[in-house]
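For reference, the chains in residue letters:
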Amino acid sequence: MKHRTFFWFFMPTGLAMLLFIALPILSVVVQSMHTPHEAVLLTVENCTPFKCTEETTIDQDATAALRAAEPLGRFVGLDIYLDRAHLAIGEVGEAWASSASWSAFFSALSNLPFYRAMSFTLVFIFTVTPMVIILGLLIALSVNSIYAQLRGIVIFFSLLPFVITPLIGALVLYWMIDSRGILGNLLQWMAGDPSLSLKASTGLMWVSLIIYGIWHAAPFAFVIFYAGLQTLPQDQMEAAQIDGASRFQRVRYVILPHLMPLVTFVTLIQLMDNFRVFEPIIGFNAEAHATSLSWAVFNDLGGETRQFSSAAATSVITIIGVAILLTPVLIRTWRDFRGKV
Amino acid sequence: MFVKKLALAGVMTVLAGSSAMACGIDARVSIVGNEFPAIQTVGAGAQECSGAEVTTNLTADHQKINVPGMQGNPAEYTSAIIANSSIVALMNEDVIRPLDDLVAKHGKHLKKNQLVTINGKVMAVAFMANAQHLVYRADVLEQIGVEPPKTYEDMLAAAKMIRDKGIMPNPVGGAYKAGWNLAQEFNNMFLGMGGSHFKSGSAAPNVNSEAGVKALNMMKSLSEYMNPDFLTHDSNATNAEFRAGNVAIMNMWGSRAATLVTADGVPQEVVDGFAIAGPMTAGGGSTPASTLWWDGWTVAKNVSDAEAEATFVAMTHAIRPEILADGDVATQAVWLIDGYKPTPAAVGVFAAAEANTIPYPMLPYMGLLHTALGNELADFMQGKESAEQALADVEAAYTAAAKEKGFL
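These protein sequence lines are chains A and B, in that order. The first sequence stops at residue 341 when you use the numbering used here, and every number in between is there. The second sequence stops at residue 408 when you use the numbering used here, and every number in between is there.
There could be a bad hint or two in this list.
Stated by the list, open to error - Straight-line alpha carbon distances no greater than 27 Å define the calculated DSSO-like cross-link-like pairs of lysine-lysine that follow: (1) B:K150 x B:K341; (2) A:K51 x B:K150; (3) A:K51 x B:K105; (4) B:K199 x A:K51; (5) B:K403 x B:K64.
None of these hints come from the bench; they were simulated from the model.
Chain A on its own, in the form it takes in the complex:
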């Protein structure tokens, strides 16, 4: 394609990407490096239905003048990124210097919001992603081998967890694992411990969230793999059968290589989705046990005093995190692509 043709061909997409992806990201980056002005405080007398008290309030006239002079706020560079709510460089250094052992260091680290969020997020990603792929593949293979007229209805029901709105799905499971819910009660009965509560234990809450993550995303992997199986060349399968390959060998040496590009695709999507784990934490009311970067953004913007700069910094860190996670998969894809050319 000529460069000029390519340019005109690409321009509408490029323009949309600039407008809807590049500019918002740029705006978030700018926001994360600015904070509101120093508040000009006044002590005034406030009277409420109960009594009059001396209290502090913001001097609006002085603040308005500051805002007019510098509408973006104070430029603080990377300060927000390095403060306690984010990378907490100072606190980590202190913990490193004062901790006698690795375990003391990690326990000090897990007390900081960012590292606490990352510890859950990473465990979530690296358990849910492989399990979703394995389970999705197993379901796809099973559905592919059942009687053709039954497939439609089986596919419909297998897809349901993915169709349900994530928050609703999480709430359904949340009430089932309640100590008076069907699953929570069953577990108490099986463990013989009437005070067992999934919601009160951090470990069990993590397990519940991970099971929810797998339950919700497995149908997505399944439907992709199932579509891939429909393009499997029958002659290859027959050749393998004639050569005496067992069922396992056929899956391992014929089906899996055929589905490999799809596995990469599902891995990419799952890494991105799981890094931004959010709905189950809200649905399970699990803030006390597990947080994530997306939850931190939600928390910053949900309080009575909104912290836009903090939320912006967390968003930029999320983008960087996703980029780091995806790099190995992308490098591999690039090598495969180069190999083929």
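Go by the hints and put chain B onto chain A.
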């Protein structure tokens, strides 16, 4: 469309005619606020006004939309219904206007204590009061032979007796959900223990103190008599436990107490045993471990004077003394309106006000401390760290946020 409007105007006229005082306005009124019954009444009252359009957006998410909805010029909302905690966000962003001139012109029958003044200017008109106080099961306390607890120490003793007698395994209820609720319970206990949130005259935090540690230890002791899932229970879930007969004593909002046992399917013994009393004290202090709240309305800054006046007229109409003639309305809240007579459901809030309960602090940086408390105290409640460590974490988290917002 015209016919519809005409019909609507007709209905409005009938409605306005039937009330004691007609309400005519000539500019748009648009209200945003929370959705509990008393506020629904106020919203409907404002809509009785005729002459121009009155719209309401009453939702539990009102705090997320009121500031953005009033920052534009002209503002989308001409009035926000708020409480003493949430007026701070509107003050911080300078989106509400002083009401002194409008009070002089149209607010003759408002009582002086309804006018919330900041730096001498009326910024809001309060219409109801609220507080958390004791809600208990009289039948259960009778069974163990104790009086309703006046202190949290008595509450613990009663809880132990109820559990030991095998009446209920987890007799104490509390809205201890990690986040806003847990922080609010800490605020109550902390003020009851004689703490103050900030170093005097500054935005520097002051929770990592003896009062803070005592407050946390009391909360931990109470949580041992709660449903093990207490960190996921907000006030709705706590009320559900009470309704189900699983809880005998709890600290609960006055605004929710009135309707607590009117839901369907509440067992008869819960309905019969339901009783309320004033807030408890803690640690030998005399100040109740609770906070006082008011709900009121404001008028947006970025609207025309005509719209502001129409809003003031409609909102004043909505909280006129005549609305109390309706028995249901009278029980919906502890109204601050002239002529209100306390109903039995109001004794808790009244006792709180009489016992000099401290109002929830109206400070520009209180919201940040509340958020930090909500995020950092759960570790202590789960036994993962000491009270001192948890409070140090709160102060560190708050300091980071307050630096970002320019308060420190």
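**Study point:** Distance restraint between B:K199 and A:K51, which requires alpha-carbon spacing of 27 Å or less
**Key:** holds, 21 Å
Check your understanding: Are B:K150 and B:K341 close enough, with their CA atoms no more than 27 Å apart?
Key -> holds, 25 Å
Exercise for review: Please work out if B:K403 and B:K64 have their alpha carbons no farther apart than 27 Å.
Suggested key: holds, 23 Å
Check your understanding: Taking only the CA atoms, is the gap from A:K51 to B:K105 under or equal to 27 Å?
Key -> Status holds; Cα separation ~25 Å.
Practice item. Measure nothing beyond the straight line between the CA atoms of A:K51 and B:K150; if it is 27 Å or shorter, mark the hint as holding. Key: holds, 24 Å
In summary, the structure agrees with every hint in the numbered list given earlier.
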